[in-house]
Every structure is written in C-alpha cells, then in structure tokens.
Amino acid sequence: MNAANVALERVTQVPGVRGSLLISATDGLVVAERLMEGIDGRAIAALAANLLQRLDRAAVGAGVQSPTFVHLRGNAGSVLAAPGSNELVLVALVGLDANLGLARIEMLDAVGRLA
Amino acid sequence: MTDDIRALTAQLADEPSSLAFLELGEALRRRGQLEAAYKVARGGLGRYPGLADAHDLMARILGDQGDLAGAFDAWVEALRFDPMRIGALKGIAFLYFRAGDVPSAVEHLQRAAEIDPDDQSVSQALARVRNGSGIAASSALQSEDAGMLSPSPAEVEPAPAETSAVSTMEFLTLENGDRGLMLVDGTGLRLTGTLRSPRNEDVGDRVAAELAGVSKEAARTSRLLGLGSWQAIAVESPEGNLYMMAPTPETVLLTIRDPSLPMARLGLVAERAAKDARAWLERHG
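So the sequences go chain by chain: F and S. So that you can map any letter, position 87 of the first sequence is 87 in the working numbering, and since no number is skipped, the others follow by simple counting. So that you can map any letter, position 112 of the second sequence is 112 in the working numbering, and since no number is skipped, the others follow by simple counting.
Derived by calculation from the structure, the hints in this document are not laboratory data. Quick caveat, the model's predicted, so the values are computed rather than measured. Careful: at least some of the hints might be erroneous.
What the hints assert, rightly or not - Not the full set, but computed from the structure, chain F residues with beta-carbon under 10 Å of chain S:
| no. | residue |
| --- | --- |
| 1 | 50 |
| 2 | 53 |
| 3 | 54 |
| 4 | 60 |
| 5 | 68 |
| 6 | 73 |
| 7 | 99 |
Unchecked claim - With the C-beta cut set under 7 Å, the calculated list includes, among others, these residues of chain S facing chain F:
| no. | residue |
| --- | --- |
| 8 | 5 |
| 9 | 198 |
| 10 | 217 |
| 11 | 269 |
Claimed, not checked - Over the 12 Å line for every Cβ pair with chain S, so calculated as not near, a few chain F residues:
| no. | residue |
| --- | --- |
| 12 | 37 |
| 13 | 66 |
| 14 | 113 |
By construction, the Cβ of each residue, glycine as well, lies at the ideal position given by its N, Cα and C atoms.
Extracted from the complex, chain S is given alone in its bound form (with noise of 0.2 Å):
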C-alpha cells in the first residue's frame, strides 16, 4: 500500500463522512486495484447519492472494469447532477463513439466544446471523431474488439475481461489528441499499436526496430549506473514527446502525444496504458 492511499484510508476510517473517498478511490483506480476502487466509490456513494464527483469516480471504475453499460448508466447520473461535467460528456461520447453510433458522440462532444471551448482534448476528439481518423488510429485494436461495437451503449453487455483493457487503449488514443501507441517486443518488432508521424505516415516498424536497442541500453545504463531496473523514459522534443516504459521485461510500450500535453501527465497515461498492454500481453502471450 502506498503511502497516499494508507494515509487516505486512515483519513476516510478517521472521518467516514469526508470526501476523501473521491481521492481514495480514484487513487486505488489508477493502481489497478479496481475491486478496492469499487467498494470506496459505491461507499461513498452512500452517503453522497446527489454528488456528481462520485457518479463520475464510478462510471471509470466500472470503465476499467470492462463494464461499460455500468459506466454509462454512472455518467448519465453524474450529468443528471451536474450537466456542465466535461468528463462524463466525454465518457459517454466514448462510449457511443465505439457502440458505433458517431452521431451521438459528437453530439456529446460539442456539448463539452460548448461548455469549454478551451479544452484542446475534447477538440481533438471531436475532430477525430468527425473524419473518423479516431477509428484508423486504434484499428489495430479496434478489430480484435469488433465484437463490442453493437448499436447501442445501453444494450452492450458487460465487457468481458478481454474486452476491457482493449478498450481503455482505444480510450487513449481517442484522448489528448495523440501520436499513437504501440507495444513492441524485445527484438524490435511491433505486437500491436499505431504510430503517426506530424505528417501521418505510419512509422511504427521503423520506431519499434529502434527500441529494442533503447530498451536495451537502458536496461544496462540503469544497472551500471546503480539506479536499479529501468522504470521509464521520458523524451522530450519540440514536435512531440514520447514515454517509454517496459511492461514486462521483453517488450517496451511506447506512447506519444504532442507536446502541449505535460509530460507528467504523459507518464500517468503511459502507466496505465502499460497496465492494460500487461493485461493483453497475458491474453495473447
């Protein structure tokens, strides 16, 4: 248990009617203890019924748990009580978005670009959503999930473990307005993933022969350099930056975003996307 959540949950049992649940919870989400994220969240939503934070902290627990139904229903909620929430407007607009029904999703979109016309993620996505290039970029993905993309959100059923980490990759590369993301073996070739480059050629053969040696290198300077096993590598440059991190020791997931994206939150992406790159390595491995 790391330090913030056991200090979070010492704060929760010390005051049970506080709203640490919403940080507690969604901390326990982004480690991927989905089940514990769970318990905090409908605990919370207990005591809080109205509040919009906890419908909106269900609906992604419920997303990373592969029910999308279940998050659907939570983001509805989380609009009833607040309809200016960006977030649920973009949840649901993914949600739609891979149920096939795109009319639906850019209405949700526009919805959040009329609310915050600043917000270059929601712009991006309505963008990608409106010449379907959102599609292309995740087709790698996409079609080994043709499965979930029925009529309507309402009526998928709830994703099967397979489905789920699948989906959050489709999630990122819908978000941010990204460059791609692409796992890659240890001897430089591409398992799965797309990678774009300013220009919108495919270069992901030729960045993942690179990386196999990146990995490598690293993996060696880490070591002799006494800084233990590499845990990622974050490169900044004008045009883009790109996150390396290795989800399991044969292969290195690479992401990529544009630079306006901090490279911080560039690492929370890449940590969870490498969470689910695991989870697929297992299914496909």
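So here's chain F without its partners, still in its complex pose (with noise of 0.2 Å):
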C-alpha cells in the first residue's frame, strides 16, 4: 500500500467519516479515493479545490498564511480539507455524527508524511 493510500485509510478509520481523497489543489482533479459507495469523488474534489482557492485567497487577503486546514459545516454533515506543501489536499466528507477532533489531527498528521 503506497503513501497515499496509508493516508486515506487512517482518516476513514475515524468514527463518522464516509470517505477521503487525495486531490490536486490546482486543478481539483481525484489523486487517490477511498470511498463509501455512491460518493462522487470528483465533484468533491472539484468543489473542495473550488472553495479552497476562494478561502486561500480570503486568507491571504487578511494578511494571513494560506489555511492548513479547513473545516465546512452544512447542517447535514461536513466536507474537511487538509492542504499539503506538495500541491495536494487530503479532503475528506463526514457525518454530523463524527468525532471531528480525531478526524482533524489524523488528517493533519496524514498530510504531513505525505509532504
């Protein structure tokens, strides 16, 4: 199992979590998935990378460094993002149910070692 895919399973082995995926920050293209079934990864990568060029330049707008990490609430579930320093975002979807604190620190520490 490669880099990635190490990544990916540690952050759907957190309670809640319905899926994660690598994706390119730049063109909001799938790098690698691990989904539950029925999920469309692209259209999660490309909105995620969508909204996430948007909050990177609010961001740098208020004089601050680009996010590390990003945390959408909807009232049905959530979409987190985990930009990395090589391009690439670890993205993932949960339930309103997840435990959020552990789902972030897995996806932090993920995109570390991918970095």
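With the hints as a guide, bring both chains together as one complex.
Take a look at the structure:
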C-alpha cells in the first residue's frame, strides 16, 4: 500500500468519516480516493478545490498565511480539508456524528507524512 | 428545545435546589433565549443569593438584554462574594470602557491581571484599553452608539434594544485579542466592522470582496455534496483563525482571532456575533 492509500485508510477509520480522498489543489482532480459507495469523488474534488482557492485568497487578503485546515459545516454533514505542502489536499466527507477532533488530527498527521 | 436544555430543565425540575440553573441559564443565554435565561437565573439567585456564579450569570444575561446598569450591579455583587472573579472584573472594565472611564477600566483589568497573570485575554484587553486601539478597533460600531458613552456606568440608562447588539459586538472586539469582526453583503461590500492584518493594516474591503465568492462556493459545495445548507466555515492558519457564518442568506460574518484561541471557542464567539449581526440587520435593513 502506498503512502497516499495509507493516509486515506487512517482517515476513513475515524468514526463518522464517509470517505476521504487526495486531490490536486490546482486542478481539482482526484489523485487517490477511499469513499463509500455512491459518493462521487470527482465532484468532491472539484468543489473542494474551488472552495479552497477562494478561502486561500480570503486568508491571504486578511494578511494571514494560506489555510492549514478547513472545515465547511453544513446542517447534514461536513467537508474537511487539509492542504499539504506539495499542491495536494487531503479531503474528508464526514457525517454529523463524526469525531471531528480525531479526524482533524489524523488528517493533519497524514498530510504531514505525505509532504 | 435542544437536548442539553431539555436535560437541564428536567434536572432542575427534579432537583430545584441543584446548581443546574447555572448551566441552564447560560445555555439559554447562548441560544438567545434571554427572557427564559433571566427567569432561570432569578430563580437560582432566590435560592443562592450569596453565590457569585449566580450573580455573574445574571450580569451576562442583563448585559445581553442591554441593561448595562443592571449588569454592572450584578457584577459588583459577584465581586462582593468572590473578589477574585475575573469574569466580573472584565465585565465591569468593559462597562467603564464603554462609559469613557478608561482609568477605571484599566484599574479593573489590572486587578484581573494580578489574579491571573497568564490570562491572555486580560493582558490583551489591558493593552488595547491603554493605547486606545480598542476604541479604534470598534470605531465603526461605536460611532453609531455614541449616545451610550455617558460619564458613569451607574448613570447609564437601560439600553434600548438598538444598542444591546452593538455593545456585544464591541465586547467581542475588546475581548480575546481579536483581529476583527466584519459583516459583508452578498455583493462583497462591507456593511460594518473592521478587519486588520497582523501588520495592523485595514484589509476589510479586500477581504469583503473575496467573501462574496466564498459564500456562493460554500453554498454550492454544501448543496451538491448533500450537506444541506452551509452553516459555518472554519479556517486555520498559522497567523490567525478565520470563522465565517451566514447570519442571513445574503450576508457573511467573518471573525478573525489569534490562533491561541481554540477554534471551538472561536465558533462560540462567532455564533454569538452572528446573532447580534441579525439584530443589527433587522434595525438597519
């Protein structure tokens, strides 16, 4: 199992995580994915990349560095994203019951190992 | 009614003499159910008139209701029973600051700092009050509220509903070493608030322009991924954490704080600010 799949495996083992994927931050394409059946990884990748680019511009505009972790919370679940240093972003789709603290730690650790 | 409020209500009903009223009153206050919170706190104070926590709770509720004179009195009572209560010292300092009595505000913050020298929110508030940047940070909000800057908090009339939300927003900017609090409309224009970079530059308009796109992208992402409507976006960065909420479908509220403030607590701060922003929009919309 390569490093990307190990990272995805760790994240998806967190309770409440429906799937995770590694995407390219620049073009929003899927590099690797581990998703529950019926979840469209391409859509997640494209949407997450777009959102991150906008958030990055907002953060830079505010005079702070690029985001290290992002949490978009909806009323039925969340998207978590941990940008890495190599234009890759680790993204997870989680339910309302997810352990967000653990998911965050695992994602930051995993994306750090991918650098 | 949320599960925690339901559980606390049941607990208090089963055991009226318990201290569950403190938690229940605070939970109701945080949800904006101020009248219910007030009744709970008043009931608790009836049973425990010498409990500093109960007076502290009452002060926060009265402050949210805009009754600044009542809040002041309640915090004074809290200090009478617990002279080391930092929350009460900070609350009174804020009221003095609002009233234009900076020396008294500094005196109370200094007392708080002596009690807990490691409390960063106190040292940061002290620095801001001393150098006047607290005033500058919230000048946009204060200018709409100049009538409340009376000489003494004891003379402050109970604030009308119009000023209570603004006072909370000012309080938020004074507290916790903030970088800013800004409300933006759907076209990316700043409605109110201030945003400063770590180098103290006003970056509000530039960030406001970006936020319109962020809100639309968040709504699209949330909808297409089956997450329902977007509630919040938390962004961590080494130099500052950002928290975005939509007080109304057409607006975005951005709160930025130093990374030392835990993100979950920043979320609570932002939720409270969003409630205030809704009230502000109702008045100015």
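Now for the hints, and whether the structure bears them out:
1. Interface restraint check: residue 50/F against chain S, minimum CB-CB distance 6 Å, threshold 10 Å, status holds.
2. Given the 10 Å rule on beta carbons, the hint for residue 53/F holds: about 9 Å separates it from the nearest Cβ of chain S.
3. With its C-beta approaching chain S no nearer than about 5 Å, residue 54/F sits inside the 10 Å limit, and its interface hint holds.
4. Here the hint on residue 60/F is kept, as its CB sits about 9 Å from the closest CB of chain S, short of 10 Å.
5. Look at residue 68/F: its Cβ gets to within about 5 Å of chain S, closer than 10 Å, so that hint holds up.
6. At about 5 Å, the closest approach between the beta carbon of residue 73/F and any beta carbon in chain S falls short of 10 Å, and the interface hint on this residue holds.
7. Taken as an interface hint, residue 99/F does not check out: its beta carbon lies about 13 Å from the nearest beta carbon of chain S, beyond 10 Å.
8. Interface restraint check for residue 5/S: the shortest CB-CB distance to chain F comes to about 19 Å, outside 7 Å, so the restraint is violated.
9. Given the 7 Å rule on beta carbons, the hint for residue 198/S holds: about 5 Å separates it from the nearest Cβ of chain F.
10. Among the interface hints, the one on residue 217/S holds; its C-beta lies about 5 Å from the nearest C-beta in chain F, closer than the 7 Å criterion.
11. Here the hint on residue 269/S is broken, as its CB sits about 15 Å from the closest CB of chain F, past 7 Å.
12. The Cβ of residue 37/F lies farther than 12 Å from every Cβ of chain S, with a closest approach of about 14 Å, so its non-interface assignment holds.
13. Look at residue 66/F: its CB is around 7 Å from the nearest CB on chain S, not clear of 12 Å, so calling it non-interface is violated.
14. Against the 12 Å criterion, residue 113/F stays outside the reach of chain S, whose nearest CB is about 18 Å from its own CB.
The structure does not agree with the numbered hints 7, 8, 11 and 13 stated previously, though it agrees with the rest.
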